[in-house]
Amino acid sequence: MPRYFFNVDGAPNPVDEDGIDLKGPEQARDAAVTLAGEMLQDADGRFWGGPAWRLNVIDETGATVCRLTITGET
Amino acid sequence: MLADHPLLSKLARAMVLSEDEIIAIRAVPVQSAQVKADQIISREGDKPSRSFLLSEGVTCTSKVVAGGKRQIMALHILGDVPDMHTLHLKLLDSDIWAITDCQLDYMPHADLRRLNLAHPRLGEDLWRATLVDGSIHREWVVNVGQREAPSRMAHLFCEIMVRSKQAGLAQDGTCPFPVTQADLSEMTGLSPVHVNRTLQALRGQGLISFGQGRLTIHDWDGLVELGDFRDDYLHLPEPVDPMA
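One line per chain: the protein sequences are A and B, in this order. First residue of the first sequence? That's 1 in the numbering used here, and the numbers climb one at a time after it. First residue of the second sequence? That's 75 in the numbering used here, and the numbers climb one at a time after it.
For the record, the hints were derived by calculation from the structure and aren't laboratory data. Since this is a predicted model, take the numbers as computed values, not measurements. Don't take every hint at face value.
Said to hold, decoys possible - In silico SDA-like pairs for lysine to any residue, Cα to Cα no more than 25 Å straight-line:
1. Lys23(A) to Lys239(B)
2. Lys143(B) to Gly19(A)
3. Lys239(B) to Leu308(B)
4. Lys23(A) to Pro266(B)
5. Lys137(B) to Gly19(A)
Said to hold, decoys possible - Listed next, with one range per pair, are the computed distances between beta-carbon atoms:
6. Arg29(A) to Asp306(B): 40 to 46 Å
7. Arg29(A) to His292(B): 31 to 37 Å
8. Gly242(B) to Thr34(A): 35 to 41 Å
9. Asp293(B) to Pro14(A): 19 to 25 Å
Note that CB positions come from ideal geometry on N, CA and C, so glycine has one too.
Produce the complete structure using the sequences and hints provided.
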């Protein structure tokens, strides 16, 4: 199975060194949405007013698989 | 030597046994079975006529919901009796799986019941063990329901280290923890990617190492604080120094 790396801008550990094996890009995109949901939930109120929250998923070659950018305005 | 009967070793750790009690425990027949990793041991809906003491390996109690996702509700290690409650509850309400290769020492319910009736003190200790199982279940509900990912994972690691130490499996802050990241995902209710990232974060903070079937805790106080961990719910008979 190919390996994917999930990098989150501004998280305590922004660079995913280990990566995780997933079936393909579709599963990586699904995992990205789930991870974003979980991390934003944990971020709680710290999300509002900050810079945009970004999750970049890359494959083993470094190519972008997908990117999630979430901004919150009040 | 008391180690010639698995139940004897378990009860002798909890109390000083009389000669009569030792003879009665030895009279409980034991049938050993070897189970390979990732094999199911008992299935939801089973009506077991015996319970097993885990003499080697790690098992878990889990349930699959409609849609196929699985939740692991409990981990069992050396000396645990994962299906002790079936002594009084006829129907097994969850699955029990071997996570690693295991040795199971089965004891018939009829003999256990006879033992408990003749020696209420022993019955009370087995009862107490199932109550502690319940207490651990309650703490896991709190953990999965309310703690954030790093805290949730830290709490689980603290528990595993204390329980392993109590079972004589841990030394110098290292204990066997032969679970996969997929298992951790099903234990914590976090997605596999979130588990993966959380492990990297805990490692990056110098709190733990995890891999090759082992868990090492480098900073106990740090992990305890992050995990909001207090061992009172484990109802340890004596205080345990997990890092000794």
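Range hint 19 to 25 Å (beta carbons of Asp293(B) and Pro14(A)) holds or violated: This hint holds: roughly 22 Å between Cβ atoms.
Restraint check for Lys23(A) with Pro266(B), where alpha carbons must lie at most 25 Å apart: OK: Lys23(A) and Pro266(B) at ~13 Å, within 25 Å.
Cβ separation of Arg29(A) and His292(B), checked against the hinted range 31 to 37 Å: Cβ of Arg29(A) to Cβ of His292(B): about 35 Å, so the range 31 to 37 Å holds.
Proposed proximity, Leu308(B) with Lys239(B) (alpha carbon, max 25 Å): holds, 12 Å
Hint consistency between Lys137(B) and Gly19(A) [alpha-carbon to alpha-carbon, up to 25 Å]: Given that 25 Å is the threshold and the Cα spacing comes to 28 Å, the pair is violated.
Status of the given 35 to 41 Å range, CB of Thr34(A) versus CB of Gly242(B): Holds: the Cβ-Cβ distance is about 39 Å, inside 35 to 41 Å.
Holds or violated: Lys143(B) to Gly19(A), with C-alpha atoms at most 25 Å apart: With Cα atoms ~23 Å apart, Lys143(B) and Gly19(A) stay inside 25 Å; holds.
Supplied distance hint 40 to 46 Å, evaluated on CB atoms of Arg29(A) and Asp306(B): holds, 43 Å
Hint consistency between Lys23(A) and Lys239(B) [alpha-carbon to alpha-carbon, up to 25 Å]: violated, 38 Å
Of the numbered hints given earlier, the model fails hints 1 and 5; all others are met.
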